[in-house]
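Start from chain A and add chains B, C and D according to the hints.
4 protein chains.
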Amino acid sequence: MNELLPKLSTVPEGIHSPSDYLPYAKERLPPEIWRYLEEGSANNVSLQANPHAFDSIHLIPRPLSDVRSGHTKITLFGQTLAHPVILAPLAYQQLYHPHGESASAMAASAQEGQSCVSSLASQTLEDIISAAGQPLWFQLYWQENRERTLKLLQRTIAAGYNAIIFTVDAPVKQATIQLPTTIQPINLDLPAPFPALLPQQSQVFNGWMAQAPRWEDLAWLRDQTSLPLLVKGILHSEDAEKVINLGCDGLVVSNHGGRVLDGTPASLACLPPIVSAISGRGKVLFDSGIRNGRDIYKAFALGADAVMVGRPYIWGLATAGALGVAHIIRLLRDELELTMALTGTASIQEITQEKIQISRNQNRN
Amino acid sequence: MNELLPKLSTVPEGIHSPSDYLPYAKERLPPEIWRYLEEGSANNVSLQANPHAFDSIHLIPRPLSDVRSGHTKITLFGQTLAHPVILAPLAYQQLYHPHGESASAMAASAQEGQSCVSSLASQTLEDIISAAGQPLWFQLYWQENRERTLKLLQRTIAAGYNAIIFTVDAPVKQATIQLPTTIQPINLDLPAPFPALLPQQSQVFNGWMAQAPRWEDLAWLRDQTSLPLLVKGILHSEDAEKVINLGCDGLVVSNHGGRVLDGTPASLACLPPIVSAISGRGKVLFDSGIRNGRDIYKAFALGADAVMVGRPYIWGLATAGALGVAHIIRLLRDELELTMALTGTASIQEITQEKIQISRNQNRN
Amino acid sequence: MNELLPKLSTVPEGIHSPSDYLPYAKERLPPEIWRYLEEGSANNVSLQANPHAFDSIHLIPRPLSDVRSGHTKITLFGQTLAHPVILAPLAYQQLYHPHGESASAMAASAQEGQSCVSSLASQTLEDIISAAGQPLWFQLYWQENRERTLKLLQRTIAAGYNAIIFTVDAPVKQATIQLPTTIQPINLDLPAPFPALLPQQSQVFNGWMAQAPRWEDLAWLRDQTSLPLLVKGILHSEDAEKVINLGCDGLVVSNHGGRVLDGTPASLACLPPIVSAISGRGKVLFDSGIRNGRDIYKAFALGADAVMVGRPYIWGLATAGALGVAHIIRLLRDELELTMALTGTASIQEITQEKIQISRNQNRN
Amino acid sequence: MNELLPKLSTVPEGIHSPSDYLPYAKERLPPEIWRYLEEGSANNVSLQANPHAFDSIHLIPRPLSDVRSGHTKITLFGQTLAHPVILAPLAYQQLYHPHGESASAMAASAQEGQSCVSSLASQTLEDIISAAGQPLWFQLYWQENRERTLKLLQRTIAAGYNAIIFTVDAPVKQATIQLPTTIQPINLDLPAPFPALLPQQSQVFNGWMAQAPRWEDLAWLRDQTSLPLLVKGILHSEDAEKVINLGCDGLVVSNHGGRVLDGTPASLACLPPIVSAISGRGKVLFDSGIRNGRDIYKAFALGADAVMVGRPYIWGLATAGALGVAHIIRLLRDELELTMALTGTASIQEITQEKIQISRNQNRN
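Chains as they are written, first to last, in my numbering: chain A, 1 to 365; chain B, 1001 to 1365; chain C, 2001 to 2365; chain D, 3001 to 3365.
Hint data in this document are derived by calculation from the structure and do not stem from the laboratory.
Because the structure is a prediction, the values reported are computed rather than measured.
C-beta atoms are modelled at their ideal positions from N, C-alpha and C, and glycine is treated no differently.
A few chain B residues that face chain D, going by a derived Cβ cut-off under 10 Å, partial list only:
no., residue
1, VAL1045
2, GLN1174
3, PRO1213
4, ARG1214
5, LEU1218
6, HIS1236
7, ASP1239
8, LEU1261
9, THR1264
10, PRO1265
11, ALA1266
12, ALA1269
In isolation and in its complexed conformation, chain A is listed as follows (with noise of 0.2 Å):
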């Protein structure tokens, strides 16, 4: 392992935008700590698609626009948010920075926003919720059956978070990295055992996917909360209309960031379809692939009610911490603002399809 560079206790200078980050972070990370955090599955077909197809669509300036009044605030399942960044449910984090998970959400609060928590945390749900001082959100991971669910959703009831995200497309755990033995899953009871396997039998169908959730499965969930449910990892409006008509409040659309099938299509590329399919009767959320302020305004003008970031918010917190993480979120917004500013947009809900263009043809190099 090479030597690493200590945490920064300011944020770097000369910072324009999250990716400015990105040298620091990597410069900060054991190597294959990076590699787990930057990787896609296989060819990295979808990992690469997701930013590249930001690129296709073209953003029209409109000067002269009165936006004085402009602002980033939205509403979100009664809860109003400065600005529609929400960090994505990343697993582990203690090994980014030893203040995990709590410095992540401490910055989100402090930027009046909000943050998932990830079932993978490396800290209690109960000291994370602490740290933040506000109501946070909850991804869920299927716990092989509805009694090891049950508990760890009934837990996190209790502990105060106020949304539920249903994560539901990665039904096979395949570790990429082995976590140090200081940094586990917490919350999680041990798993429960694989299924015995005749040798006729497929570990993929008789042993994963039998320990995966199912349609009748979401429906039993729905049942089990009150609390806003969504559903993360959507692809297809069949699928989006399904979860909608079992009383869901919403959904992610996303690919994992492009960590689990290679070769699905760019995430951005699934969000129309979905939205139509949905047509409001249902929040949906977009993630896989922001990277700036201005996808944020794309992914907005094509649909979405708000947005997970990712990766970038990891490389805030591998450089500098909450404050690190916080920065993040802060230049996400600051290049929102500017890029509403600039097509004369001074609202998030007037981020319409009508403000932008979609070329076929024009691809960075």
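Structure of chains B, C and D alone, referenced to chain A:
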């Protein structure tokens, strides 16, 4: 020649996909043999087009589906195979490993699949089938005339081969490697004398093509055996129709791995019109460009009935003999199962065109 | 800072096109000034899109045409120019050469063309016009309010400037270079105090945009002068219409050389719809991306009435002062003449859309 | 100048295609001559577009076809050629080999084909035709006026040339190489004096274009000879029609190898509309971008009646003189025969558009 590493007696660590074997194989083979394996023809336009064609096919995750009864079985010409991966008939396999074709065939049997032995095998047909312990398929090259071809066919049938794959797309044999004296097309008679040409005559038209099979020879061949007979090397749907109308049992869509005529379309691009032209009157196998289980899924989505895999299993053979080949097959099957599970697909028959999205604009960089 | 080469007193040998000046200029400028000149905003998507957009426009040679009477003259606001190349209003030109804006304006006059002086000129308006020996155009930035703006406008008119180019696409001033104390916006008063913001207020919306001009300010500005008034930084055809409907004499289609909002379309892509919307009711100038005479031809084929050229003439200025700028202009005119001759075009008016072919698929690599 | 390798007296080993000669030629030529041979104009957009255009045309193998009677013969203006490869009129061939144009012409004759001698040949017209031992084609440049042009034409006819290729796409002569004193346009008179220009006049319009031929000059030229007359450098179908309507025997679709006007379409892209406009009323030759026999096949599929090949035969000339040129021609013919055989095509006339597929999306990387 550089110092070569010995073959492995166990499979390497850290392998997640067939392409992880590539550097091991490259290290273990002399450069001229590696080049012979990997080369395409001319400018490699078709060689490169093959894998790239898969990148424009997108997979759509369908979480929460019930795939607990999932499997990859197919039935082909009366034989049930545990998975649809058939080893393509690559020539002179002792170039890659001393155990040659026998090792590959043995591995295919152990994985409950099928392999196809080349006319240019470096071991006797009888030894290979004996190593395999089950009937195999035989790839037949035209032997300059009917008499010589019939002789080879009859020996094949006597040896217990149970399907004939007649390759028609490479009528001109241009050696691109100097075979060592110990590795020869051991199952073939010495070639018939090349036609004596007048000064004005063309080596291509009056030489090679005078020894090449024609449609009437295929009709004749069909009458010589009641075994399943498939024609390999078909890219045009009119030719596919002719093959079926002559009573053949199927065909293999293939551009010979980009090794014959540079500038053909990607093999995958030719699959849908041929499937449509045949509409179930024969089996359509797909060959050329498959590198992982997601590619197999995509070929089925475009209508294939089974797939042939070539270079990847040779990577395994060169690295670790039969063990390596078996591992490659298992990796392909695991990846196929995972792709099916994540897309909510419980059987090969369920892999239809509705499962994918075809994009004309997204390119891998 | 590296050791810089002195400016040349003659033009370099072996120059065939403006871009041949680029390495000379780069050698002669400190790296941070070179970066400031060449940079775009954020990821440079728009910066790179500008020149690439020209590559999809093809020129069709029309040999054997009679072009013996050919010329490149245009008439603009009553003035006849020998060619349609107008020097764009780049800021702080003493950064590049001690003779600054005066050298550029002098060169434009000597080449019987026109130049536009920036609000951010590093020499006095009076000195520049005196060096030029002819009336010039003035690029006006809004000076935070009407009173301050009017003061600058009146000084401009008094100095003898004969057209006003009002730039509206860069309301937020973010310094990306530290100016030396000897180089300052010498024609401007100290900026008005930045609005005092409440804790909840946004620097963008409540700060910068409160000091930015709005449509009603443009209407007011139109009433303050009878000089030709053009608005620079228009990319949307509705805005182009508004500009004309407010009585302005024209506009400049520009994305500010890719320096303001990253992700705008290429400037060239916005030209045709604006030309179509205006349909002759005002002049449409084109800016952003022109690097040679063929590009000028293409802009006219898409409907421009004149073109502005930016970075290329600064390469000449940095290399050889007024002599270099004059040479750049002459090179552009020569290339334009040659393109006209080879395409059978005897006048600027004959450069129509029928002269070109637009391809959506051919990219420069 | 670097130490040059001597020319070879036998052809190199291991050559499979004309481009295999490229490194040999590059080694044997001084860098400035290599640059002169290979260069395009300006940014090389058209130079690179020429070969890339072929990549979007796909060849479809048609195995099992009967092509035993196949051949590559064509008949052109009464002459039967063994193959359709005509050597393009490249200038100053003694730059590449001391045997110059004579070597090229001799090789073309030996291969039973045809070659076209440039107005800018470095050997006398009489010596070249004598070396060839058969009538050749002559490429005519306009000699500033009719009298001088007629004088050159009459000398050509007297020398026994049997077809005139009148090149019209390069009216401006800009030297890009300093010719050694021993290599000169030996067949031309000293150029006529360049027009004296007034200060206001344009070197392009009033100078070069005053000495360039016009349509009426072509009509006049047609009347001066009964030999076949073709116009070279036509890309627009209206011009192709005019050429035929003036009584010419055909034309050469060419963008001058990308050497004149940068930004023209690929020559291949202009072929189909011209073929369609002419519809058999004259011969359509194709030039610019052919590098192998598959390219020749594709040009015929798009309607060409014969092809001109340029730079590739110079690679052979520079490497091994007449022997090298003859080898290049033979390689092209062999590749063409192989392509015909594999696509089931027994004669040049059978190469039609149905033999190919045109793809807009598949690019070579």
